[in-house]
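Enquirer: Residue strings, one per chain:
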Amino acid sequence: MRAFREHTGIAAPLGRNNVDTDQIIPKQFLKRIERTGYGEFLFYDWRSDGEGKPQPDFVLNRPEFTGASVLIAGKNFGCGSSREHAAWALSDYGFRAVVAPTFADIFTTNAGNNGILLVKLSEAEVQSLLQRAQQIPDYKLHISLVERTIRDDQGFSASFPIDDFRRNCLLEGLDEIGLTLKHDPEISAYESRIAQRGW
Amino acid sequence: MPRLHKAKKVLMASKTLFEKIWEQHVVRANPDGRTLLYIDLHLVHEVTSPQAFEGLRLAGLPLRRPDRTVATVDHNVPTTANRTLIADPIAAQQIETLRRNCRDFRVQFFDIDSAEQGIVHVIGPELGLTQPGMTIVCGDSHTSTHGAFGALAFGIGTSEVEHVLATQCLWQKKPKTMEIVVDGELPLGATAKDIALGIIGRMGTDGATSHVIEYRGEAVRALSMEGRMTLCNMSIEAGARAGMIAPDETTFDYMRGRRFAPKALDKAIAHWETLRSDEGVRFDSTVKIDASALEPFVTWGTNPGMVAPITGRVPDPNSALSEADQQAVARALEYMNLKPGTAMEDIEVDRVFIGSCTNARIEDLRLTAELVRGYHVHPRVRAMVVPGSQQVKREAESEGLDRVFRAAGFDWRESGCSMCLGMNPDILKPGERCASTSNRNFEGRQGRGGRTHLVSPPMAAAAAITGHFTDVRKWRFKEAQSA
Chain A
1 MRAFREHTGI AAPLGRNNVD TDQIIPKQFL KRIERTGYGE FLFYDWRSDG EGKPQPDFVL
61 NRPEFTGASV LIAGKNFGCG SSREHAAWAL SDYGFRAVVA PTFADIFTTN AGNNGILLVK
121 LSEAEVQSLL QRAQQIPDYK LHISLVERTI RDDQGFSASF PIDDFRRNCL LEGLDEIGLT
181 LKHDPEISAY ESRIAQRGW
Chain B
1 MPRLHKAKKV LMASKTLFEK IWEQHVVRAN PDGRTLLYID LHLVHEVTSP QAFEGLRLAG
61 LPLRRPDRTV ATVDHNVPTT ANRTLIADPI AAQQIETLRR NCRDFRVQFF DIDSAEQGIV
121 HVIGPELGLT QPGMTIVCGD SHTSTHGAFG ALAFGIGTSE VEHVLATQCL WQKKPKTMEI
181 VVDGELPLGA TAKDIALGII GRMGTDGATS HVIEYRGEAV RALSMEGRMT LCNMSIEAGA
241 RAGMIAPDET TFDYMRGRRF APKALDKAIA HWETLRSDEG VRFDSTVKID ASALEPFVTW
301 GTNPGMVAPI TGRVPDPNSA LSEADQQAVA RALEYMNLKP GTAMEDIEVD RVFIGSCTNA
361 RIEDLRLTAE LVRGYHVHPR VRAMVVPGSQ QVKREAESEG LDRVFRAAGF DWRESGCSMC
421 LGMNPDILKP GERCASTSNR NFEGRQGRGG RTHLVSPPMA AAAAITGHFT DVRKWRFKEA
481 QSA
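Chains as they are written, first to last, in the numbering used here: chain A, 1 to 199; chain B, 1 to 483.
No wet-lab data here; the hints were simulated from the structure. Here the structure is a predicted model, which means the values were calculated and not measured. Where is the CB? At the ideal position from N, CA and C, for every residue including glycine. Treat the hints loosely; a few may be bogus.
[Said to hold, decoys possible] Examples of chain A residues toward chain B, derived with CB under 7 angstroms: (1) P26; (2) I33; (3) S82; (4) D164.
[Said to hold, decoys possible] With a cut-off of at most 27 angstroms between alpha-carbon atoms, the simulated BS3-like pairs for lysine-lysine come out as follows: (5) B/K176 - A/K120; (6) B/K474 - A/K120; (7) B/K288 - B/K174.
Sequences are here, hints too, so could you generate the full structure?
Expert: If you want it as structure tokens, here you go:
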């Protein structure tokens with residue numbers, strides 16, 4: 001997994017609540033058997049019309065947000081389907097972090113497993129960032145996972161919570177399976193215990 | 001001192017159903033609060049598994065417990081006859097990939113032409129694979145369905161699928177607990193689906209985020225296993241990590257005679273009887289619902305929390321509390337092409353879908369067939385019934401339900417996820433409006449530009465006949481005129 005320590009990037013405002021994973025990556029793109037190549041289909045039904053032509057108003061189609069790597073969104077981001085393709089699409093498109101007041105549970109894990117940092121801020125802080133990203137040209141955010149802080153060049157600064165395990169995995173780019181296999185004797189011991197249950 | 005000792009003992013003994021199952025599956029507890037949890041049953045389907053098997057291959061890892069892994073194809077299989085020839089080459093490749101992975105890693109696989117094929121959350125329970133007290137995962141958010149048996153069951157992403165394939169375990173942070181107590185008696189015409197929609201309408205699509213719900217109360221106890229599965233299925237739509245119901249006689253009766261049920265069933269039942277929340281135990285939060293006040297519900301918006309009773313009206317965006325909610329309602333109504341104040345009963349439909357892991361079990365089909373018997377689908381409407389599994393389909397056919405549906409003008413299909421998410425050819429055209437017994441009304445869920453209204457199976461059937469949403473409580477049942 002790709003490690004995350006510090007990141008500075010253009011921030012794109014997507015001021016909607018309850019952005020579900022069906023919107024992040026629509027179902028017609030889930031038939032592929034690869035982990036890569038989903039970026040061009042990110043937010044497909046919002047980015048393009050029925051014929052595949054770009055919708056100029058959609059935030060990611062606006063020239064000022066070209067190359068955005070931080071997404072700012074409303075509460076309950078990533079709700080709905082468990083499809084990890086949503087995390088793959090965000091990552092593949094170039095997003096390294098998503099900032100929102102709350103995130104759905106399964107998406108939180110999927111993002112973490114793909115090196116995407118989820119920055120949880122208060123509703124008021126997110127509102128402020130959404131406005132700044134709309135109004136300030138070439139708006140960038142600086143995120144430090146080491147310090148657990150996020151700031152811009154115009155005076156915004158906040159810290160964010162993240163649990164130690166997830167932070168460690170992201171900082172080191174650790175592979176969870178590798179970590180778990182170190183506990184193989186404990187798993188085997190558990191398996192012998194339950195094998196004696198008798199039904 | 002003795003009193004203190006006693007109080008401590010009572011405190012320690014008091015646990016929720018969730019906590020009991022959790023503790024029985026701890027392999028290792030880390031100081032940072034992470035727990036390595038053992039997984040009893042891993043259900044696998046074609047869409048979220050190919051990258052996980054590929055990961056195992058690349059790392060040179062074996063599948064730790066093929067005997068605890070079961071696979072089927074459901075998401076992108078066609079539901080037409082002669083469906084083994086799949087026109088979509090990418091879907092065909094995905095199915096072939098699962099077939100090969102199951103062969104290579106020796107996983108029990110119920111293929112497209114097998115007698116056991118079906119939606120993974122329908123076949124797990126009907127084969128007796130799903131059992132009380134288990135931890136169950138699947139790369140699918142509606143894994144919460146299996147909680148109906150008093151199992152801890154939740155959806156996971158593909159990296160986690162790979163982790164379970166390799167280790168049979170998952171690292172988890174202990175979720176919070178929530179009890180939803182549904183007391184009173186459910187009125188005639190309202191179903192488990194309406195309990196679910198009523199709950200989500202009240203708490204929103206993130207009302208239970210980071211929580212495991214336990215559904216309790218007399219209206220829950222009164223539900224059949226099918227009804228309990230419908231209710232637990234929709235837990236994820238309230239944002240919950242999982243939903244569960246303590247096992248009881250209804251559960252044990254359902255388990256008897258199932259192919260993969262424990263051989264020593266009496267011994268298992270003796271253990272299962274201990275799987276209930278202790279008297280007086282505290283949950284992190286409590287929600288109380290009066291079942292007798294519930295009505296048949298219809299969603300009007302683009303998430304399952306945007307819902308109104310059939311006697312209600314499409315809301316006015318201006319009446320929403322916050323600016324964000326006003327925008328969300330306005331946007332949803334624009335997508336759904338609905339005007340504020342429209343009576344729910346006046347909304348006309350083009351399509352009806354009876355199916356999905358929420359509502360495609362035998363009880364759903366029986367209830368629906370009873371209603372449509374002797375009637376005919378409205379001329380404007382195209383309606384389809386997609387049984388949840390081959391077993392459901394056979395059972396329905398042995399009872400003659402297929403003939404009732406066909407005589408009424410419904411398509412009678414092969415089993416799969418079908419138009420719940422439209423990964424197969426069953427999709428809505430742009431602008432089409434559908435009464436659907438599925439679980440999500442997100443934008444484009446059933447096809448780009450398609451407009452989904454979530455309802456119970458009886459409500460879907462009534463809409464198919466009349467061509468608009470209809471209060472099923474006023475329905476006039478007919479005796480069979482044709483069969």
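Enquirer: Going through the earlier hints one by one, which of them does the structure break, listed in rising order?
Expert: Hint 6 alone not satisfied by this model.
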